[in-house]
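S.K.: The primary structure of each chain is shown beneath.
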Amino acid sequence: MTALLKNKQTTHEIGLQGRTAVLDLTGAMYLPDEDALLVADLHFEKGSSFARRGMMLPPYDTRETLIALSDAVQRYSPRTVIALGDSFHDIGGPERLGDEERTTLEGVQSGRDWIWVTGNHDRILPESIGGQVVEEMELGPLTLRHEPQEGAGAEVAGHLHPVGKVVMRGRSTRRRCFLTDGSRCIMPALGAYAGGLNACDAVFKPLFPKGFTAHLIGTERIFAIAKAMLCRD
Amino acid sequence: MPKASASLPPVFRQWFESRGWEPRRHQLDLLEKARAGRSVLLVAPTGAGKTLAGFLPSLVELTERGGKTREKRGLHTLYISPLKALATDVARNLETPVQEMGLPIRVETRTGDTPSHKRARQIERPPDILLTTPEQLALLLAHREARELFKDLRRVVLDELHSLVTSKRGDLLSLGLARLFTMAPQLTAVGLSATVREPDDLRRYLVPQRHEPSPPLWGRDGEGGGNGSAERADQPVSAVPPSLALPHKGGGEQDLADLVVVQGGAEADIRMLELDERLPLAGHTASLSMPAIYDLIREHKTTLVFVNTRLQAEYTFQELWKLNDESLPIALHHGSLDVSQRRRVEEAMIAGKLKAVVCTATLDLGIDWGDVDLVVNVGAPKGASRIMQRIGRSNHRMDEPSKAYLVPANRFEILECRAALDAVHEAAQDTPDARTGALDVLCQHILGMACADPFRLEDLYEEVRSAAPYAGLTWEDFEAAVAFVATGGYALRAYERFAKIVKGNDGLWRVRDARVAQQYRLNVGTIVESTMIKVRVGRSSRSKPGTVLPRGRILGEIEEYFAETMTPGDTFLFAGEVLRFEGIHEDEVIAVRTSAGTEPKIPSYEGGKFPLSTFLAARVRAILADPFEWDRLPPQMTEWLLQQRRRSVVPGPRDLLVETFPRAGRFYMTCFPFEGRLAHQTLGMLLTRRLERARLKPLGFVANDYGIAVYASGDIAARAARDPGFMDELFSEDMLGDDLEDWLAESSLMKRTFRQCAVIAGLIERRFPGQEKTGRQVTVSTDLVYDVLRKHEPDHVLLRAARADAATGLLDVRRLGMMLSRIRGRIIHKPLDRVSPLSVSVMLEIGRERVYSDNADEILAEAEAALLDEALA
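Line by line, the protein sequences give chains A and B. Residues in the first sequence are numbered from 0 upward in steps of one, following numbering that gives the first Met the number 0. Residues in the second sequence are numbered from 0 upward in steps of one, following numbering that gives the first Met the number 0.
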């Protein structure tokens, strides 16, 4: 595993509202000035949410998401971790969390400030899940919230699960991505079963009137791709 | 001597006589078999009166039984066809004798189009004979009234059995058949089939397979005796030992249906269309042959022109009409056309109004098309049996010879046509091996059975194993399938409380609630259509130059995944025109017509859906390897092969020729395994991975049915010169180990295969047209599921099902494996200074075929570089 990671270039720096933001291969973002790690749309327990409706998806999505989360936390060892909403796929999610997963989550949380920003999937979070629950918050020059707000100033948000599709000479790939214009950043979903919305979708347009750069998460590193290079689905 | 028809009731004898007919030998044979309670496989060429033979025993029995009893009766005869249209057609043909003889018999069809009130009535008051499809049978068997409906069933007739058994539909049907035999022990089955290589495979399919008695479960711990099933029911499931009983190998006549073979009449009059002009080295359009084909159409009464792909169909149709000065009624029939249009063509054909139909495999199956007296097959034949079945369409009186022409479109296809002609001459068959029943289909069936009736696990296991494709099913696999249906079958038992089927205190498994049964009904079937997307012509905007508006007409549909690989500006061939892809707007591909003479950049998709058969491939290699055989080839071909021998080498029948040569600053490697494009694509993927590791910087590859060409910026020949073992290592069988595993992790073909298994097994719901855009919260991508499952439970039943499919399906791994073992120590590497005649043919595919690569980072790096270029400009 370590040998594998050596080849990987896990981090990728961008500027966000005059500060440095480190984009991580897991889909997390680290802000060194605030010593804070941001993650979005973890969608814990999406698998069991589907199972309730008769679609028995492999019950390993929460584990898989936690592996990515702890990986990022270990790399930066941040003082604060902020989850930007939809951390659980539904209101019943925290209750369905398996014992092993609960223990892993507690391990990741321990020794740092943990903040859950609420999202449309998890408007209410039980106290037992640890950390602090907020609707939105300020962090340095940035507002952190779940749903991006048109016209708002500098913000980091999730909710939309952006993915970018690139086609080069008949070969195509579709990857999760960060979208940013230098002042706003929409983060990719980190949840193992979280699907994606194409960055060319109309909903992104009013959020980035001057266009954006997409930072697509590849296998070994993150790639900065011009909007013009992205294709619709 | 009594007349052969003496065994028929008088009304039948009179009917035959009134038409001046004599019942045929095999028709009476089948009647006799039915009276003796035997199941039977009837192998007969087209025009032998197969359908009537299949139904005659039922008609006689129903007539003898009479319509006197007023009591409610179940179905007497069930007829299963692979095509809805065929079922309808047969029903129509059956109505004629029933009406003319005034028989007291009710014949009905049941398809997806049957209105719900009629469906309900068919269960309430069943007809005597019901004609339907495998999917509709599965739905009927999952019905709560199934037992009542089928308890009196005497006969099941399976039409076009040779085509049904080669797919997962055949697996599903075999399980349905096993259930029918359980519910109606007096049942006999009749299979109607074209000639196949192994008739015994089909004979097994038609009757329940018996197994050696399982070891007595209760005697395992030395507890002795006990009286069978009552005790077994008390055993908890996990305590049931795996039955080690193997299928009853060579188990005598009881495990085989009887066989009745009708020999074909005169030998087919079949030849290759030879032209004076030179055929191109690649391409599939056969444009040079069109005038000759047109002349043939003119000289015959009705001609069927078969082609391999929809695009070829479009092209051929247009070319023929360009020549059609006499305005002969020539029609087009293929799967992308609107259904109503296809029906119009079929009706005109039956009415004898058409001179010719250009068609794809959609007309392969046995609908009676009237007086076809010539079949023309354009392009590669691909398989011997397939071509024989197509030729058979041209002869509806079996004592007259079928007449057919094979039309090669390029020089390699000349070889393939030659090999096919030889095979037809020897009546050599190459139909595929019998299938091992797929696990995803089993999962679907188990849920269906739970919807019908509560079941005991052991009973269902025995029933399932009586179906030939599942005869070797282990108890472990069966249990895994049941566990999958119940809770997903994961090692982490997280979903017990959501189980879809549950075991009651009585030891019986039953479906949890009506909602689960509803889910089953929506999901039934094994055909997972690739999503199609409409192609609309766009118009340039007048007010905003450079903008294209979606205002033109719809040309047809293409596969969504094909559209996904295009980028605005790409050109492709569709509906006989070169179009430029502009983008996707409201779920439609918007494209504009390009100016004349534009070369399509991505001109083919799903090139030939069928890869070249192993059998024909071996024959092609043999012809190639033997210069004495070259005499039987057209001169242009011989000349080409002689050139190849001068410039490089012509490989022996078991050899693999690898050529390397530089060209335009790149280094090329070509090889010719002749194993079909699917196996070649997989080989290309694995070779590029290995070349990557050898730091030879591969750039891409193309594949066709005969060979592949890989291009790299590293000098492959120089490496092989330095390291004599290099080629052997590059092509060594161990590429099917870690390299294959690594590739499968990210392969889009593997993910597509997994998705199909997931849908069939019922892991996720089927997507229906118009239901796609339900939002990202409701749907889940099976690609993500594949990644997670592969990591946490690599041996899960669904992954095993997907790997089994990959072995023979889109990845054809099994065939690749056989090839690699065949060529071990037989690689002939020829370093050349320029391209050889043989290699030209596959090099011509560059630019014609898509370049395959699944390496996301490569694609992204290229896109990123484009951004830098922009910044520096």
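No lab work stands behind these hints: they were computed from the structure. All C-beta atoms in this analysis are idealised placements derived from N, C-alpha and C, irrespective of residue type, glycine included. Don't take each hint at face value.
Unchecked claim - DEER-style ranges, computed between Cβ atoms:
# : chain 1 : residue 1 : chain 2 : residue 2 : range
1 : B       : Asp737    : A       : Gly210    : 56 to 66 Å
2 : B       : Asp738    : A       : Gly110    : 36 to 46 Å
3 : B       : Ser115    : A       : Thr102    : 44 to 54 Å
S.K.: Now, for every hint given, state plainly whether the structure supports it.
M.R.: Hints, verified against the model:
Under the hint 56 to 66 Å, the C-beta atoms of aspartate 737 of chain B and glycine 210 of chain A, about 43 Å apart, miss the expected range. About 43 Å separates the C-beta atoms of aspartate 738 of chain B and glycine 110 of chain A, a value consistent with the hinted range of 36 to 46 Å. A C-beta distance of roughly 53 Å is found between serine 115 of chain B and threonine 102 of chain A, which places it inside the suggested range of 44 to 54 Å.
Checked against the numbered hints given earlier, the structure breaks only hint 1 and satisfies all the rest.
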